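**Q** Sequence:
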Amino acid sequence: MDLIVETKNGKVEGFTENGVCKWYGIPYAKPPINELRFRRAVPCESWEGIKSCKKFQCRCVQFMKGFTILFTPESEDCLYLNIWRKDSQEKKLPVFVWIHGGYLHAGEGSNPKFDGGNFAREDILYIDINYRLGPLGCYDFSYYNKDRFDSNCCLSDQIMALKWINDNIEAFGGDSSNITICGESSGGASVCALLCSPAAKGLFNKVICQSGLPDGFHTKRSLKYVMDLYLKYLGITPENIDELTTLDVNRLKQGVSLLYKNLSKVYPGCYMPGILYDDLFPEDCYKSIKNGNTNGIKLIIGTCLNEGSFFYLTGYYPHSWKKVKEYCDLCKFDKDFNEVNKVYHVVKSEKQKVIDVNTDLHFLVGSIKLADCQCENNDVWMYQFNYAPRLLKLLGLNATHGIDVSICNKNAPRDYLWYMTPSKQKDKLMNEMFGCWVNFTKYGDPNGNHLKIKWEKYDSIHRKTYFFDEKSSLAENPAKEKFELWKNMQSCYK
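Counting along the sequence shown from 1, when you hit position 473 you're at 480 in the working numbering, and nothing is skipped either side.
Watch out, some of these pointers could steer you wrong.
To be verified - Distance ranges between label pairs, derived from CB positions: (1) S327 with Y426: 43 to 51 Å; (2) V353 with D154: 51 to 59 Å; (3) N257 with K355: 39 to 47 Å; (4) G303 with H457: 21 to 29 Å; (5) K461 with K400: 42 to 50 Å.
What the hints contain is simulated information worked out from the structure, not anything from laboratory work.
On a predicted model such as this, the values are computed, not experimentally measured, just so you know.
Every residue, glycine too, gets a C-beta built ideally from N, C-alpha and C.
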């Protein structure tokens, strides 16, 4: 493969390592700085000569501590993507696009857990992207001045990256007609929004949603509560909102810290700022799917067994049984709380009950609802990741949020959370899950020789769910009781 590739904007030069060609830090949009701060993504400008793409560019400004370890410097100039492919002359390679998680406030594509070399060696062209985070990406200041501020800047970044990929990927040997997008956590929420966004229609044909939150999007009304609170912590009035355009990024970070610390106290159950319904994403996922906007797109969707254990540590979601009841009383819950007690009575520990409720309410039920809608006219596969690494068992976190990421990318040996787990078990899980992601990307079906049993398609009657575990299995409607309990729950702020 020629390492100098001509894109629509100019030539880029990559490098080869261990049989994989890599291009790091390719710009896909203009730097969102100065007058473009708080504006939606603008197409990248062209350049003369050959741009060296042999090292990662800056990650986006990070607004939450503890989500990632520092791998690259941070900057507002962050709209870059990275490409991996096998060093060969093959053309029309299937394309896999990874969208990282991090609560839309942290994270980066250059995290070693997301290294695309393993996909590349399977004849897949792998791409990951950076996109704006926190106030720079998903806080909607257009309430106060719609002429200077745009909404959903982070979603516009992701759409711009996908447009760039469609326009340029064939020059790298990729197939623009065979693109899979995949994301975990807020990356999973992002791919749900992209699935249903009219602006992203036709830019991909397969989706993998890992631990996304299909119910976690904001309305203009719900986000307004949060925006007013954030401005209060910044000491900025709506009349002086334009001060944000030049405000030091450290002030923005301080405001986020106060917001994260206090939001659940001021507005219990209200999410931190994120993607909201607007012209890029005009209606909730379920309505969009029922209206036929996602026809022709295949989907893998799933969760981890103990998603809520990670969030229990943060105290952000309800962290006691009393708080769970208060949350149900506050929200539009259509059942008596005694029904909740009945469903979870078999769990002896109050802590584990709370973890289970947060897992089911925020991750599991929304994923089932989305799968139920999408499977009416499209192929869907549902999974649950049940295996707990040895270290996380010792810590009481078990199969927590995000633990499947380095498994599906076959990068568990790089992930310290998996260090104490026997290699045999890690290899077994990686071969299964990575094999499914590879085959789905290539052929639109996760099945193959890497599975001992067939992963059957999902339907809304049987809800067949593949359990990735020490001994993987296929279960029928495993969350029926919990789904019936929570399926009509709605936030009081929407």
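**Q** V353 and D154, beta-carbon distance inside 51 to 59 Å?
**A** 56 Å, holds
**Q** Do the beta carbons of S327 and Y426 sit within 43 to 51 Å of each other?
**A** Given range 43 to 51 Å: violated, Cβ gap about 32 Å.
**Q** Could you say whether the range 39 to 47 Å given as a hint is met by the Cβ separation of N257 and K355?
**A** 46 Å, holds
**Q** Between G303 and H457, does the beta-carbon spacing fit 21 to 29 Å?
**A** 26 Å, holds
**Q** Indicate whether the distance between the beta carbons of K461 and K400 respects the range 42 to 50 Å.
**A** Taking Cβ atoms as reference, K461 and K400 lie about 29 Å apart, which means the hint is violated.
Comparing the model with each numbered hint stated earlier shows that hints 1 and 5 do not hold.
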